[in-house]
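Modelling step: build the complete structure from the supplied sequences, incorporating the hints.
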Amino acid sequence: SLASSASSRRHRTGEKSWRFANFFIFNRLRLLLSLSLPNQAFSSFVFRSAMEDEIELKTAPADFRFPTTNQTRHCFTRYIEFHRCTTAKGEDSNECERFAKYYRALCPGEWVDKWNEQRETGTFPGPL
Amino acid sequence: MIVLKWLFLTISPCDAAEPWQLGSQDAATPIMQGIIDLHHDIFFFLILILVFVLWILVRALWHFHYKKNAIPQRIVHGTTIEILRTIFPSIISMFIAIPSFALLYSMDEVVVDPAITIKAIGHQWYRTYEYSDYNSSDEQSLTFDSYMIPEEDLELGQSRLLEVDNRVVVPAKTHLRIIVTSADVPHSWAVPSSGVKCDAVPGRLNQISILVQREGVYYGQCSEICGTNHAFTPIVVEAVPRKDYGSRVSNQLIPQTGEA
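Chains X and G are the protein sequences, given in the same order.
My numbering applies: residue 1 is where the first sequence begins, and numbers increase by one.
My numbering applies: residue 129 is where the second sequence begins, and numbers increase by one.
FYI, nobody ran anything at the bench for these hints, they're computed from the structure.
Ideal Cβ placement from N, Cα and C applies to all residues, glycine included.
Check before you lean on any hint, since a few could be wrong.
What the hints assert, rightly or not - DEER-style ranges, computed between Cβ atoms:
| # | chain 1 | residue 1 | chain 2 | residue 2 | range |
| --- | --- | --- | --- | --- | --- |
| 1 | G | Ile177 | X | Asp113 | 11 to 21 Å |
| 2 | X | Asn94 | G | Leu174 | 50 to 60 Å |
| 3 | X | Asn94 | G | Gln149 | 48 to 58 Å |
Unchecked claim - Below, computed lysine to any residue pairings styled on SDA-like, alpha-carbon distance capped at 25 Å:
| # | chain 1 | residue 1 | chain 2 | residue 2 |
| --- | --- | --- | --- | --- |
| 4 | X | Lys89 | G | Asp266 |
| 5 | G | Lys325 | G | Phe171 |
| 6 | G | Lys371 | X | Pro61 |
Claimed, not checked - Coverage of chain X stretches by chain G, computed from C-beta distances (three or more under 8 Å per stretch; other residues unrestricted):
| # | stretch |
| --- | --- |
| 7 | 71-80 |
| 8 | 97-109 |
| 9 | 116-126 |
Structure representation (structure tokens):
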């Protein structure tokens with residue numbers, strides 16, 4: 001009787017144990033369907049604020065090069081990409097603005113200020 | 129009917145620590161709901177094992193009492209029971225491990241690009257929040273400090289040691305990325321209703337992805353010893369409807385977009 005009740009329990013728990021995975025997969029599919037913007041690099045939602053400015057909710061996308069919790073290198077890499085882009089394409093290039101938004105979204109302001117100072121004094125420790 | 133419903137069926141979710149609270153706070157994110165469900169799954173097996181072990185223990189103490197049964201029976205081998213008592217715990221461990229690992233890996237999975245990035249920077253002994261998605265220059269568009277409201281300044285109905293002057297305003301039902309770091313010593317950004325506890329390590333950016341599913345105000349406290357006022361640096365997250373998010377955030381501080 002212990003064995004049979006264990007097997008019936010196993011069946012119920014077996015269903016429950018895949019509910020987590022199914023829950024997230026289901027939500028992922030649901031959200032992908034609701035985001036009718038397949039070609040954009042970032043998810044964006046547009047609405048109007050009380051000030052009649054259109055505020056689009058978008059930010060740096062999840063980068064597959066940095067899949068883990070530690071995003072320090074992500075922020076650093078975006079900063080370097082922006083500055084490499086400006087040296088390659090000129091200071092006011094629009095394409096580089098994308099990288100600028102990414103690093104500003106990810107990096108704390110103090111880090112950015114410190115790196116800007118280091119760049120000015122020539123002591124920036126990165127492959128610019 | 130609606131009046132009756134409002135009078136008697138208003139649900140007030142538990143999003144802050146309650147006195148003598150035993151269970152979890154109410155879930156506001158899928159992660160927390162997953163954690164609560166996992167807890168219920170494991171608790172079931174825990175009660176089974178507890179009852180079984182207590183039963184065996186009490187039975188052994190009862191039947192082998194030195195006055196009633198002076199000669200204890202010596203059993204040295206028993207192949208069947210040895211096999212059973214090895215197999216059954218392994219099966220129970222598997223039932224506990226399967227939902228546990230499913231939750232663990234799905235918590236880390238970022239399946240949808242976040243819509244907003246908020247940086248939570250820990251200081252001694254307050255928090256700074258940066259919303260930098262909209263700057264056009266390196267000047268921060270929205271940065272504010274969040275200090276605990278001291279006990280003498282609390283209004284009636286506010287929680288002691290939990291209220292702050294500036295709350296983190298986030299849109300509900302939106303994927304957020306929260307980057308947690310520290311400017312001095314390690315802190316930890318924890319909001320139990322959202323199932324979030326993330327260490328704020330100086331020099332490191334830790335990312336957490338959450339989706340707050342309902343509007344409300346969620347409280348948490350610093351969870352890594354950081355000095356004298358470690359107990360006095362709480363976190364308050366306020367989830368507002370997405371259409372109100374823009375006006376709330378722009379009213380919080382005068383944005384400095386575009387200024388040099």
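Verification of the supplied hints:
{"no.": "1", "hint": "G:Ile177 <-> X:Asp113: 11 to 21 Å", "verdict": "violated (56 Å)"}
{"no.": "2", "hint": "X:Asn94 <-> G:Leu174: 50 to 60 Å", "verdict": "holds (59 Å)"}
{"no.": "3", "hint": "X:Asn94 <-> G:Gln149: 48 to 58 Å", "verdict": "holds (53 Å)"}
{"no.": "4", "hint": "X:Lys89 <-> G:Asp266", "verdict": "holds (19 Å)"}
{"no.": "5", "hint": "G:Lys325 <-> G:Phe171", "verdict": "holds (22 Å)"}
{"no.": "6", "hint": "G:Lys371 <-> X:Pro61", "verdict": "holds (22 Å)"}
{"no.": "7", "hint": "71-80", "verdict": "holds (count 4)"}
{"no.": "8", "hint": "97-109", "verdict": "holds (count 7)"}
{"no.": "9", "hint": "116-126", "verdict": "violated (count 1)"}
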